[in-house]
Each structure stands twice: as C-alpha cells, then as structure tokens.
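Take the given structure of chain S and dock chain C to it, following the hints.
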Amino acid sequence: MTSLLGSMISTLGMALRYRPLIGVSSQVSKANALFNPELTTVRFRYHADKVAKGPVPRRHGYEEKLFQSGLLPRKVSVDKALPMPTYKPKNSWNEKRALFGQNDYIDILGPSNEISQKTLHPTQLLYHVPPWLRGVQGNEYQVLLRRRKFVQKKGYALGHPTKWATLNTRIKKLYTYLNHKTKSPFWKHS
Amino acid sequence: MATKIINKTVTEFSLRITRCFFVPSKTIQTNATLFQERLETSITNVEEQLPTTIRPPLPIIHSRKLAFPPKFKAPRQVWVSNMDTVEEEKLGLIDLHPEVFAERPRVDIIHENVRWQQLYRHVSYANTKMRYEVRGGGKKPRQQKGSGRSRHGSIRSPIWRGGGIVHGPRSPTPYFYMLGFNTRLNGLRSTLSAKLAQDDLHIVDSLDIPTDDPSYLEKLVEERGWGPAVLFVDDNDIMPLNITAASDSYGHYNLMPVYGLNVYSMLKHHTLVLTLAAVERLEERLLFHLNRNDAASAGQKYRLDSV
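Read top to bottom, the protein sequences are chains S and C. Reading the first sequence from the start, the letters are residues 1 to 190 in full-length UniProt numbering. Reading the second sequence from the start, the letters are residues 1 to 307 in full-length UniProt numbering.
Keep in mind that the hints are not guaranteed to be accurate.
[As the list claims (entries may be wrong)] Pairwise CB distance ranges (calculated):
{"hint": "1", "chain 1": "C", "residue 1": "300", "chain 2": "S", "residue 2": "127", "range": "35 to 41 Å"}
{"hint": "2", "chain 1": "S", "residue 1": "149", "chain 2": "C", "residue 2": "197", "range": "58 to 64 Å"}
{"hint": "3", "chain 1": "S", "residue 1": "178", "chain 2": "C", "residue 2": "144", "range": "27 to 33 Å"}
{"hint": "4", "chain 1": "C", "residue 1": "228", "chain 2": "S", "residue 2": "96", "range": "15 to 21 Å"}
{"hint": "5", "chain 1": "C", "residue 1": "214", "chain 2": "S", "residue 2": "178", "range": "29 to 35 Å"}
{"hint": "6", "chain 1": "C", "residue 1": "301", "chain 2": "S", "residue 2": "178", "range": "20 to 26 Å"}
{"hint": "7", "chain 1": "S", "residue 1": "182", "chain 2": "C", "residue 2": "132", "range": "15 to 21 Å"}
{"hint": "8", "chain 1": "S", "residue 1": "59", "chain 2": "C", "residue 2": "119", "range": "36 to 42 Å"}
{"hint": "9", "chain 1": "S", "residue 1": "68", "chain 2": "C", "residue 2": "224", "range": "50 to 56 Å"}
{"hint": "10", "chain 1": "S", "residue 1": "149", "chain 2": "C", "residue 2": "132", "range": "21 to 27 Å"}
{"hint": "11", "chain 1": "S", "residue 1": "182", "chain 2": "C", "residue 2": "119", "range": "35 to 41 Å"}
{"hint": "12", "chain 1": "C", "residue 1": "62", "chain 2": "S", "residue 2": "96", "range": "38 to 44 Å"}
[Unchecked claim] Chain S regions said to be covered by chain C (calculated; three or more residues, Cβ under 8 Å):
{"hint": "13", "segment": "97-105"}
{"hint": "14", "segment": "126-133"}
{"hint": "15", "segment": "136-144"}
These are calculated hints, taken from the structure and not from any lab test. Ideal placement from N, C-alpha and C gives every residue a C-beta, glycine not left out.
Isolated chain S (complex conformation):
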C-alpha cells in the first residue's frame, strides 16, 4: 500500500512540474501539451503579491486634470498661499438643534379634556413658515392659488406690481399646461 501511494505521489509530483514547450516540434509532444491528463495548471501569480509591491493603478488611461501635488494657489507678488476658510464643526447642541421637534405632539400630550383649554395642533406652531403656507400640502398650482387668495386683499397689486403680474402669469400658464397638456391622474378617471 505504501509503495503504491508513494508511486502515485511521485507521478503526481512529476505531473505538477511546469513543462515548457521549448525545442519540441513533434506532433505527439504538441498533442501531449494540449491534452495530457498527467499535467495540470497551477496558479503562481496572485493579486495580493502585486498589491504588496505597491499601489495598484486604477482607471488606466484616465488623465486627472486636477492638481495632485505642488504648491497651493497663491499670489505671486505676496508669495503666501491664498486663505482657505477654517473648518468650524457645527454645534449639534445649540438651542435650535437641541430642542428640535419640541411640541410636535402637542395635540396628543397637551390638555384636551379640561374644560377651559383646547388642544393646539402642531400646524399652529409653525412660526417660521409663512402664515398662508402653514399646513398646506399641494403642488405648485395649488400653492400659488392660495397665495393669490391671501395676498390680493392686502393691496399686493399696488405694492408689488411685477410680482403680482408674475404670479398671475404663472397661474395662467400652469392652468393651460395642466388642463390642456397633461392628463388627469389615473385615479381621477371614472
């Protein structure tokens, strides 16, 4: 048994040796090289070795047009690098950010079953949103119509004639576009 195993190993070893086709021109040798069950290919080049030698270049053929090295841009006369703004990290705990979202659940957590008090709704607390835009959900056409409704009472046409004209033009254009050029959504077709 051991001798048989030994002979198998030796034949395998011989087969695994790389055999170059130098100075062999006979048909039999070529055929052997093409198909020889005793020969097998072995990996001898590994990508890890290539990487270990140094950085592998990427994007072959691409020419980087930005400066990768050299001096930063500067005024020649002064010979001082142009100033870059110093990085200032944002303060995650300033008043606005620390208390963000406060009172959003006031209609749930505020008093509602006490006789004298009515709950507030979060839309009533949108102080930084224009009054006519609070709680408004809609596309541009709907938003503009609401804006016109709110603004025409206050004499907007007299104080801001160009903007009033632009507003009306935009509404007209959107009307023609939406009603003549686009189809209603599928859920509106009966």
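Structure of chain C alone, referenced to chain S:
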C-alpha cells in the same frame, strides 16, 4: 386662548424652556416661594458642604395606582431616584403601565415619526426662473433664414446659456404632510418602551437640586452613568430655578415639559429622565387616547384651515 407666564425671579437667566401655552388648572408652587426657601439654606460651595438630606426611612414612595389596569400584561417596575445628592438614592419602586412603557418597539413606526418631524415643517425656498421670467429674450435673435446659423426665437430659451430652467425648483415648495394620529401615538409608545428596555429611562421624584452650580449637575450625571445627553421632563413648563441655571451652560442637558415630548428629542438625547408628575401626566394622556370612545373623531385626516 394661550397665555404667557413670566416669572420675574427667573428672567435673569436665559431659560431653556418652551413658550408657556397653558395655565395648568391645579395650583402650582411658584418659583418665588421655592427660591425664598432655598435662599435661607443655600450654600455656595458644592464640594462636601451640601447639607446632608435627612429623609424618613426608605422607601418613601411605595406604590402607584395605574389607570386602566392592564389585563394581560404585567406592569413594569422602576426605581425612583433622587436629585438632592450626587450619589443615587433609591426612594422607592413604582409600577409603569405596560401599554405605554412595555409595547413592542416598532422601529418602522419610530422611523416614520422621525421622518415626519423632520419634513412636515420644511419649506424649500429654492427657485429658478422660467424662460418668460428671465430678463430679456422677447426679440428674435436673428432672422429665420439666410444667416447660415441655427434658428432661434429667444435668447432665454432653455437650450441657451443663461436661459430659463424648464422643470426646476419653484419657490416655495412645502413638504408638509400629517402623519396619522395613531401612528404618532404609537411612535411615542414605541420610543418610550425602547428607552425603558435599553435602560435609558430614569424616574426621579422632582427636579429640585440643591445648588445652581453647573458642575453639580455634571457630576450627578457622570456618577449615575446617565448618557452624555440627558433630557429632563417635568409636568410643569416652568422648571425650578437651580436646574434651569445649572443646565443653561450645557447644550446637552435640556429641560422639557410633558407636552413638548417627542420622538426625535427622545432619540437625540441618550437618557430620558422623567419626574413622577411627568410619568402620571404622560400615562394619563396616552391611556386617555388609547381608551377614548370617540377615537374616530380624533383620528380624522387633517384638513387645511380646520384648526
């Protein structure tokens, strides 16, 4: 009608509290009387000169009656701590309602709530001009035929440099939408449950601290292993003077009334500290909404100009 309460003794310091919308119906101990009491026994130095708090034999707080007693879930028990000393002293053990504090946390609902809070108040003011809004461009640049160049009708057409933008942003674009009432309610329940389950929820008897020294608060938080950022929640929207002054110099220690509580703030702050009064109020509100018999009217879709 909402009323503003201004307590003159605390206006010296910039208050880290919300605008006061409501006058609670119950009588409240004003800060003026509190301040007077503290003034008589106040000590300026923090280290080793604080009066040793004399307490009756512990536990002081024995039990708590739960509204809408839970039928199928066991109440969760939590320690009640003090704020008088830096070291934690457990004053008693109380029950928390499982429907509020022991719901299976739904991460998707929490995410929906956070997204809603970030988006519903957002308005984009980005704007681009259309071809008829850009200055100029009324005249045909050159005659239609004969020049050998391409034909154009206006120098502000979208294919021109400096021309109008066709489908660009149009100011103002609101991103408002209203999340369902129950989704928001369940968001609060999920977040509170998650906070309790992850040991980030602590109950204290009240927010009265002996000094207004900021380092006292810092030492307290460090000693007890409460997270870097702590959110203190009380029932009343006017907080005691000392804690207001102490937390003023830290952006990450914030005070909030119960009606200001929200999912985003609970997630932003690592630790949530509730007073007993806040727990009572919070449970009462959430259980009221869970057990009301006119829930359909509350859960109706939000209509513009209805509020």
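Verification of the hints:
no.	hint	in the structure
1	C:300 to S:127: 35 to 41 Å	violated, 25 Å
2	S:149 to C:197: 58 to 64 Å	violated, 50 Å
3	S:178 to C:144: 27 to 33 Å	holds, 31 Å
4	C:228 to S:96: 15 to 21 Å	holds, 19 Å
5	C:214 to S:178: 29 to 35 Å	violated, 58 Å
6	C:301 to S:178: 20 to 26 Å	holds, 24 Å
7	S:182 to C:132: 15 to 21 Å	holds, 19 Å
8	S:59 to C:119: 36 to 42 Å	holds, 39 Å
9	S:68 to C:224: 50 to 56 Å	holds, 52 Å
10	S:149 to C:132: 21 to 27 Å	holds, 23 Å
11	S:182 to C:119: 35 to 41 Å	violated, 26 Å
12	C:62 to S:96: 38 to 44 Å	holds, 42 Å
13	97-105	holds (count 8)
14	126-133	holds (count 5)
15	136-144	holds (count 5)
In this structure, the earlier hints numbered 1, 2, 5 and 11 are contradicted, and the remaining ones agree with it.
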